[in-house]
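Starting from the given sequences, assemble the full structure and let the hints guide the process.
Protein chains in written order, with this note's numbering: chain A, 1 to 114; chain B, 115 to 228.
Keep in mind the hints are simulated off the structure, nothing from the lab. Model, not experiment: these values are computed from the prediction. Glycine included, C-beta positions come from ideal geometry on N, C-alpha and C. None of the hints are false.
Partial list, derived from the structure: chain B residues whose beta carbon lies under 10 Å from chain A: (1) Gln152; (2) Gln156; (3) Gly157; (4) Leu158; (5) Lys163; (6) Ala206; (7) Gly219; (8) Gly221.
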Amino acid sequence: DAGVIQSPRHEVTEMGQEVTLRCKPISGHNSLFWYRQTMMRGLELLIYFNNNVPIDDSGMPEDRFSAKMPNASFSTLKIQPSEPRDSAVYFCASSFDRRTDTQYFGPGTRLTVL
Amino acid sequence: AQSVTQPDIHITVSEGASLELRCNYSYGATPYLFWYVQSPGQGLQLLLKYFSGDTLVQGIKGFEAEFKRSQSSFNLRKPSVHWSDAAEYFCAVGAWNYGQNFVFGPGTRLSVLP
Numbered sequence: 001d002a003g004v005i006q007s008p009r010h011e012v013t014e015m016g017q018e019v020t021l022r023c024k025p026i027s028g029h030n031s032l033f034w035y036r037q038t039m040m041r042g043l044e045l046l047i048y049f050n051n052n053v054p055i056d057d058s059g060m061p062e063d064r065f066s067a068k069m070p071n072a073s074f075s076t077l078k079i080q081p082s083e084p085r086d087s088a089v090y091f092c093a094s095s096f097d098r099r100t101d102t103q104y105f106g107p108g109t110r111l112t113v114l
Numbered sequence: 115a116q117s118v119t120q121p122d123i124h125i126t127v128s129e130g131a132s133l134e135l136r137c138n139y140s141y142g143a144t145p146y147l148f149w150y151v152q153s154p155g156q157g158l159q160l161l162l163k164y165f166s167g168d169t170l171v172q173g174i175k176g177f178e179a180e181f182k183r184s185q186s187s188f189n190l191r192k193p194s195v196h197w198s199d200a201a202e203y204f205c206a207v208g209a210w211n212y213g214q215n216f217v218f219g220p221g222t223r224l225s226v227l228p
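See the structure below:
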């Protein structure tokens, strides 16, 4: 398996623009997680899905952030409008069992908002 | 809510020396415990995990961790460090069964001297 795939790997955008990050989980995994990593706040769980259903989005910082998982093989994290403080590395991870199983992380998307 | 502390922000050891990275958690029951490693510019990789049973857990790359309930600790150890072990190490706690989520500690950066 190719592992968790994220695109783009790097994104540079201007404040106010819409940004969409994409994730393809490992085939057969039924849980998907979105994380944000910054120097100041470390790794934060933003939202996770189980069987394509959002279970907990309490980590989503603001209404500007939204995430979807239209099917088992694809998820998006959208920021609209983007702000400079959204600059971070965003990771997607998937697992077979959200409670006990290993989370496999993608390589991340480095977002820079100017 | 559960929390994870890693008291050491940065540790430097000489190649061949032993290593212990500390992790303490705050939670009312025994959570699921994990150690992940992140190499520069990469996603996270699971080193080992503990759910129940034997409190000494063996992981990949020669790492082990010991769960001590009385101390709420889950310290990571390696008897002989290799230069390739230089990375960021994250302890994480999962407490899904109690309505909690997955929380990462702040991380400990390991530098290895030749």
